[in-house]
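Asks: Each protein sequence line maps, in turn, to chains A and B.
Numbered according to our numbering, the first sequence terminates at residue 237, and the numbering increases by one at each position without gaps.
Numbered according to our numbering, the second sequence terminates at residue 1237, and the numbering increases by one at each position without gaps.
To be clear, the hints were calculated from the coordinates, so they are not data collected in a lab.
Each statement offered as a hint is correct.
To give a feel for the contact side, a few chain B residues facing chain A, derived at Cβ under 7 angstroms: (1) F1151; (2) M1153; (3) D1176; (4) I1177; (5) K1179; (6) E1197; (7) A1198; (8) R1199.
Lysine-lysine pairs mimicking BS3-like chemistry, simulated, CA-CA at most 25 angstroms apart: (9) B:K1189 / A:K189; (10) B:K1013 / A:K18; (11) B:K1218 / B:K1234; (12) A:K196 / B:K1189; (13) B:K1218 / B:K1075; (14) A:K117 / A:K229; (15) B:K1135 / B:K1229; (16) A:K44 / A:K229; (17) A:K196 / A:K219; (18) A:K13 / B:K1018; (19) B:K1219 / B:K1189; (20) A:K18 / A:K138; (21) B:K1013 / A:K13; (22) B:K1013 / A:K113; (23) B:K1138 / B:K1234; (24) B:K1196 / A:K189; (25) B:K1113 / A:K13; (26) A:K56 / A:K229; (27) A:K56 / A:K96.
Every residue gets a Cβ at the ideal spot worked out from N, C-alpha and C, and that includes glycine.
2 protein chains.
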Amino acid sequence: MNIDVIISADHIKESQIKDKVVVVIDMLRATSVITTAIANGCNKVIPVLTVEDAFKLASKDRNSVILGGERRALKIDGFDLSNSPLEYTKEIVQNKDVIITTTNGTKAINGCKGAYKIYIGAMINGRAVAQLVKKENKDIVFLNAGTNGQFSMDDFICAGYMIDCITENHEVQLTDIAKTARYIYENNKDIDSYIKEARHYSVIKSLSLESDLAYCMKKDILSVVPEFKNGEIKNAL
Amino acid sequence: MNIDVIISADHIKESQIKDKVVVVIDMLRATSVITTAIANGCNKVIPVLTVEDAFKLASKDRNSVILGGERRALKIDGFDLSNSPLEYTKEIVQNKDVIITTTNGTKAINGCKGAYKIYIGAMINGRAVAQLVKKENKDIVFLNAGTNGQFSMDDFICAGYMIDCITENHEVQLTDIAKTARYIYENNKDIDSYIKEARHYSVIKSLSLESDLAYCMKKDILSVVPEFKNGEIKNAL
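Could you build all of it, start to finish, from the sequences and the hints given here?
Replies: Listed below in structure tokens is the structure:
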């Protein structure tokens, strides 16, 4: 079993993910939102690339769906929810379809077709993801959504956390970048000491979304593993 | 002033390097070789992409040139020198043109046209490079050659060392990946503790080239800064 990391959605090469288990990470905040919505009982999450696609899809039955996501980290006009995972409560999402569009995360999810399986990971379900992908016994690629096509510290340490979970009592080959991600996690197990330097962390903090940051940095508070298949995300467990 | 890092020659985007000061790093071993050859008084180094190009260029005046480089880390048949910096002594290279072709390094050097300036860096001249690029007062991109298109730990910590030198008493903006490279260096100032985990380090070690590794990991033993311009590399100082 080999483990690799891709540093942003702009860096995906088909050969790197073909027939592999891909875990998409956008911990601040798209994959934390998706994981929370799935854990709180939504029917499914449908990630779409554009605001127009979201409205079009919602128009078929507007009352049964929740529109969520962001542009420039802010709620989109006409949408029900922003990209704050704290808004995706059981009361709001249960038995609903959630249609979501975000700047980096949904692009990454839609960009990894050709993979053997596509899972959605975040700090909040890191260990659950690690346990599942370990069982697949296939090569694993952590696809970091990154920020605007660039490497993002938050996604990198999140990949490092899951690699650390997988490599506990388990023999695997790590690429140099996978080793580096694990190194970063091992030396910053509190997460905060490393992640607080991330540019994207500052952006979210500047919008007074500290409670989102605190939530997204919690480890393993949820045990679902969202899986993207045929355009939809549902719990794989 | 902004500082960024590109993780391999396969990840170059023209927009990321256009009009910027680029420092190409392939510390194990191409840029250590080039720096050593320049410091030992060769006329210039000419990096070429293929073995055929090297022979063709050399054929014009075979006695005045030195052919150096590697394929699969080994000397090329018919070449004078391998990719070991220790072979590029004053006795051998002084007043000669050195034509070099390597798997990753020469590809990176030739891939960054469009940059404002292109310098060649390694641990052995790290501080000299840092001091020069700081004076340019332009955005800086560390272009890691990487290994076969992949992130390589050796080049990453080398970029981190130069970023650390630049940011001593100097206000700069670092991207997330530049911050991470500096973090890795700051926590592994001996270099060895991090670099020994690199896949490429193992390859070189398996070929009994420990003396090359020891040499390439020394900091600041040379004060030249090779610059690539119009197809040739000469000392910029």
